[in-house]
Amino acid sequence: MSLESATLWAAAIVTLGVYTILYRENPISRIFEHIFVGLSAGYLIVFIWAQNLEGKWWKPMVHEGKWYWIFAPIVGLLFYFIYSRRLLWMARLVMGLFFGTASGYFFRQFFPIFSPQIYGCFKPLRADASIGWGDVILHNWLFVIILLTVLSYFFFAVPHEGRFGRNLGRSALLGRWFLMIAFGAMFAYTAMARISLFIGRVQFLLNDWLGSLIPWFAQRGT
Amino acid sequence: MGGLEHANWFMSALFGSMCLIIVVSVLLAQRGREMFIRRIPGLNAIEEAVGRATEMGRPVFFSTGLHGITIVTLQALAILSYIVKLAAVHATRIVVATASATLYPVLEESVREAYTAADHPEAFRSEDVRFVTEEQFAYAMGCVGIMAREQTATNFFFGAFFAESLILAENGRALGALQVAGCPDPVQIPFFIATCDYVVIGDEYYAASAYLTREPTLTGSLIGQDIAKAILIALVIVGVVVASAVGGADSATNNFLLNLLASGAQ
Amino acid sequence: MAGSHATFWQRIQQIPRYYIYLLLAAVVTWQILFPIALPILPSRVTQGVYDAIAAVPDDQLIIISTDWDASTQAETGPQTEAIIHACFQNGKRFAVMNLQPPMGVKLANDIAQRVAAEYGAEYGVDWCNWGYKYGFDNVLIALAKNIPKTIGDDFHGNPVTDLPMMEGVENIESVGLVIEITGLANVTELWIGLIQGVYGTPLAGAYTAVMVPSYYPFLDSGQLRGVLNGAKGAAEMEVLVKRPDRASAIMPVQSWAHMLIIALIIIGNLGYIFGRRRTTERPS
Amino acid sequence: MWNSLLGIFHPAASTSALIWRLILAVAFSIALLVLLHRFLGPRGRRWLIAFVTFAGGLYLGLEYFLPVRGSVLWPTGMPNPNPDRAANILTPGIEPIGIMLSVVGAFTVGLGIYSLCQVHGRNVAQRRPGWHNSGAFFLAMSAMLVFGLWAHYLPDQDAPGGRLPWQESTYELLFGGIFMPLQAATFSLLAFYIASAAYRAFRIHTAEAALMMAAAFIVMLAQVPVGQWLTHGLPTTGPLAFFRLETLGDWIMSWLNTPAQRGIVFGVAVGGLAMSLRIWLSLERGTFFSEQG
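Here the protein sequences come in this chain order: E, P, B and Z.
Under our numbering, residues 1 to 222 are what the first sequence spells out, in order.
Under our numbering, residues 1 to 266 are what the second sequence spells out, in order.
Under our numbering, residues 1 to 284 are what the third sequence spells out, in order.
Under our numbering, residues 1 to 293 are what the fourth sequence spells out, in order.
These are computed hints drawn from the structure, not numbers from a lab.
Do not rely on the hints blindly, as some may be mistaken.
Claimed, not checked - With a cut-off of at most 30 Å between alpha-carbon atoms, the simulated BS3-like pairs for lysine-lysine come out as follows:
| id | chain 1 | residue 1 | chain 2 | residue 2 |
| --- | --- | --- | --- | --- |
| 1 | B | K106 | B | K149 |
| 2 | E | K56 | B | K145 |
| 3 | B | K145 | E | K66 |
| 4 | E | K59 | B | K145 |
| 5 | E | K66 | E | K56 |
| 6 | B | K149 | E | K56 |
| 7 | E | K66 | B | K149 |
| 8 | B | K149 | E | K59 |
| 9 | E | K56 | B | K106 |
Remember, it's a predicted structure, so these values are computed and weren't measured experimentally.
Kindly produce the complete structure, drawing on both the sequences and the hints.
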């Protein structure tokens with residue numbers, strides 16, 4: 001059996017095996033689940049070594065003489081002290097380092113990610129030569145109104161009482177409605193992508209796998 | 001057009017003032033001011049959800065999603081820590097699964113710590129905090145397997161979720177669990193809405209720990225967040241006014257406010 | 001409740017999920033074997049990608065970053081193919097590269113080779129493959145400053161400086177457009193944060209349909225010139241380059257699968273409306 | 001003085017020099033950790049943890065917010081090694097720190113694998129029900145590990161059309177025949193789930209659900225030729241053109257979905273900022289770890 005046909009058959013069996021979970025969790029899906037987790041765990045180790053440690057750590061340290069890279073595993077291994085009650089604080093020390101850098105990265109990303117979204121909201125609210133009043137209202141006015149009402153939904157510390165609060169409450173309700181419209185639209189959008197993936201699998205099963213047995217299938221739909 | 005490799009003075013000032021406001025409100029709150037937080041239904045449901053598992057005598061499942069140690073998962077951990085304390089008091093088992101090896105030790109440690117804080121250190125089982133695997137769909141399948149075999153009565157999905165969200169939540173629903181989900185990313189929210197009993201949307205996710213614990217530090221932070229959001233709104237309104245006067249994104253040359261936000265320091 | 005007393009309207013509110021699964025599988029299989037095709041109309045966002053390609057000056061090249069693998073191949077594969085057709089048809093030179101996952105560059109290379117043969121295009125002159133480059137943001141930061149040094153060797157392991165089309169290519173100034181083809185979140189944000197936002201290099205995207213809504217804000221702010229929306233975008237691009245192919249072939253399947261879901265939504269709601277009316281008329 | 005001190009960070013010239021430095025570095029680290037453990041009380045440890053957290057965030061944050069210059073490293077007069085990238089004194093460290101964090105983080109993979117082996121090993125050892133699944137897990141993991149590394153270290157075969165060495169074919173079979181199809185098949189399950197979720201979720205129980213359904217309905221129709229065909233009779237210009245399904249779908253995505261998403265994103269930005277600040281300043285203490293150091 002050639003590598004190609006072995007791969008083809010393995011892939012077909014695996015695909016059908018995974019689909020059994022649609023009926024319910026069962027012995028077949030269970031064994032494929034464990035194989036999947038096992039393969040990805042093995043692959044993770046290979047990947048971490050081949051794509052990360054070998055090139056970034058082992059080679060500089062051993063082949064280029066950069067001896068100070070030895071501190072990296074020492075710091076990394078501090079994580080393992082979570083299993084020792086006495087030395088636990090050292091694990092917390094390195095966790096603290098990662099917590100701090102997680103914050104630091106968030107600070108750094110704040111403007112690159114959010115500022116285009118902020119200035120993207122600066123929509124002119126009046127018509128000019130390039131855009132008529134109809135479009136301005138249908139686009140820019142609506143945009144600003146939805147943005148503000150949705151944001152008003154995310155105010156947590158203001159009671160929806162009193163004159164201002166009641167208006168905020170109404171705006172928040174409207175904002176929630178707009179959110180629901182957005183969620184519906186996003187759901188629909190995604191439906192297409194998910195169906196494409198399934199179509200790809202059925203094409204594989206019908207055209208490639210069944211087609212390798214019965215040529216008629218290989219010619220359909222492509 | 002300059003880049004955003006570094007902030008310019010305007011960004012630094014805006015960022016600095018937002019940080020300052022949040023920190024000052026935290027410090028003021030720690031002095032003991034009573035704070036109001038509006039009702040967030042998804043978060044009210046957490047107690048009910050744990051209670052259901054207790055009544056049925058079945059475990060609770062918690063997934064932290066795919067990210068390693070990031071701000072999103074640290075918030076998930078804060079919510080988890082509350083849920084663990086609740087479960088420990090009710091003597092309900094909780095199984096936690098992560099897809100990040102880096103997050104795993106932090107998770108194990110904070111779950112153990114939550115059990116200790118609830119005065120039930122003996123209830124902690126290392127086996128119940130699990131690293132499943134870093135591959136997205138292997139993680140999803142692994143989690144579905146855990147939910148099915150452990151017969152979990154309640155599933156919580158808090159953290160950074162991507163396409164696997166629907167695999168987790170739809171299978172969990174089919175297995176008959178009560179589900180509560182929360183995720184700051186808007187993209188996965190529709191699927192959680194379609195499959196979970198309660199969903200925490202957007203910033204409600206970051207308000208969760210304040211809402212649940214009512215700790216002064218956190219509620220104070222929430223007030224600061226509201227003020228910071230008001231600043232952003234004001235900025236947008238000013239931006240819209242300026243754009244109406246001199247032109248929007250198409251005429252960047254005229255719009256000074258836009259330039260301040262679009263180009264960093266050179 | 002779905003018992004012996006359940007009315008028709010109540011029963012169609014609770015179709016068991018197995019039936020829905022079977023229906024979907026049946027519709028998809030039927031349409032793959034016996035498709036019923038309908039005309040495809042290119043949308044504004046797809047046109048944006050095509051126009052961005054056509055607008056690249058002749059002295060600049062296009063980077064096609066193919067950050068996808070087999071898991072999203074059904075959408076990203078045809079997108080890549082149609083985009084490469086558009087490049088060749090407009091006489092634009094391009095370089096394929098890949099940040100993650102490593103598989104992507106191999107799959108994209110096969111596609112590019114096949115399409116290049118159709119146009120009689122020569123490797124190294126009309127197009128090239130920079131291969132898989134590990135390091136995400138570090139790669140992009142370095143790429144902007146010095147392309148030959150950052151890329152080093154091409155996909156075949158030869159120095160890129162040996163390729164004729166790389167003559168005079170120094171830094172990001174030599175790049176007229178970046179097209180990011182991916183099913184991964186956050187890769188585009190890297191290009192925006194490190195290349196488009198910094199140097200103003202035009203950027204276009206081709207994404208799995210699920211990701212597209214989250215990129216509308218970037219489209220709207222002008223940071224993305226256009227977007228291919230999943231298989232639909234690929235099919236529309238195939239229409240623009242006049243090469244109906246795999247994506248166009250799955251559009252009928254897509255159509256009827258959508259119609260099935262829409263029909264299910266309608267049925268469920270009819271059941272809800274009429275089932276409820278019945279119970280309110282005869283209170284129990 | 002400084003230069004000779006910094007000199008020890010130059011790469012070791014010979015193998016023996018490297019080995020000596022490695023041994024000394026390990027000994028130094030252990031001694032440092034032992035000393036810290038000995039002489040730091042609970043308060044000192046807590047302080048140290050908070051300090052490390054603060055310092056990590058401070059470096060990354062300051063590098064971004066400090067002023068920059070093109071030719072020199074602000075505020076010193078030191079030449080900028082990479083003059084076309086505006087920089088300050090902290091900039092040269094950003095990239096090494098990123099690499100260092102990813103290397104340090106990579107070492108936690110052992111803990112993750114240990115967790116997996118703990119759960120599955122117990123299943124096998126105690127012959128729990130379904131233990132053969134855990135056996136399959138170990139088999140799959142070791143096969144991928146062995147053949148993955150083996151294939152990685154085989155010399156590259158670039159003879160086209162030639163037969164692959166058997167180790168590599170086995171790896172290809174594991175990866176392309178099992179791992180990738182598992183991925184793709186699992187991912188494609190979503191098509192089924194989305195169909196049944198749509199059927200169930202889009203009922204017009206409430207005003208909110210009705211809005212969600214209406215938007216989903218229009219966008220779903222707008223995406224496929226069937227939907228576009230439904231309204232193809234409407235004119236392509238003028239007010240009625242707005243109601244062509246593809247235009248309407250596009251309008252919903254751009255002008256209803258986009259601002260709503262932005263509203264969420266602004267809220268999340270500020271929420272995340274507050275969380276980052278609390279973590280960075282160790283104000284969240286007690287949420288993750290109790291007060292004892």
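Structure-based check of each hint:
no.: 1; hint: K106/B with K149/B; result: holds (22 Å)
no.: 2; hint: K56/E with K145/B; result: holds (22 Å)
no.: 3; hint: K145/B with K66/E; result: holds (26 Å)
no.: 4; hint: K59/E with K145/B; result: holds (25 Å)
no.: 5; hint: K66/E with K56/E; result: holds (11 Å)
no.: 6; hint: K149/B with K56/E; result: holds (18 Å)
no.: 7; hint: K66/E with K149/B; result: holds (23 Å)
no.: 8; hint: K149/B with K59/E; result: holds (20 Å)
no.: 9; hint: K56/E with K106/B; result: holds (24 Å)
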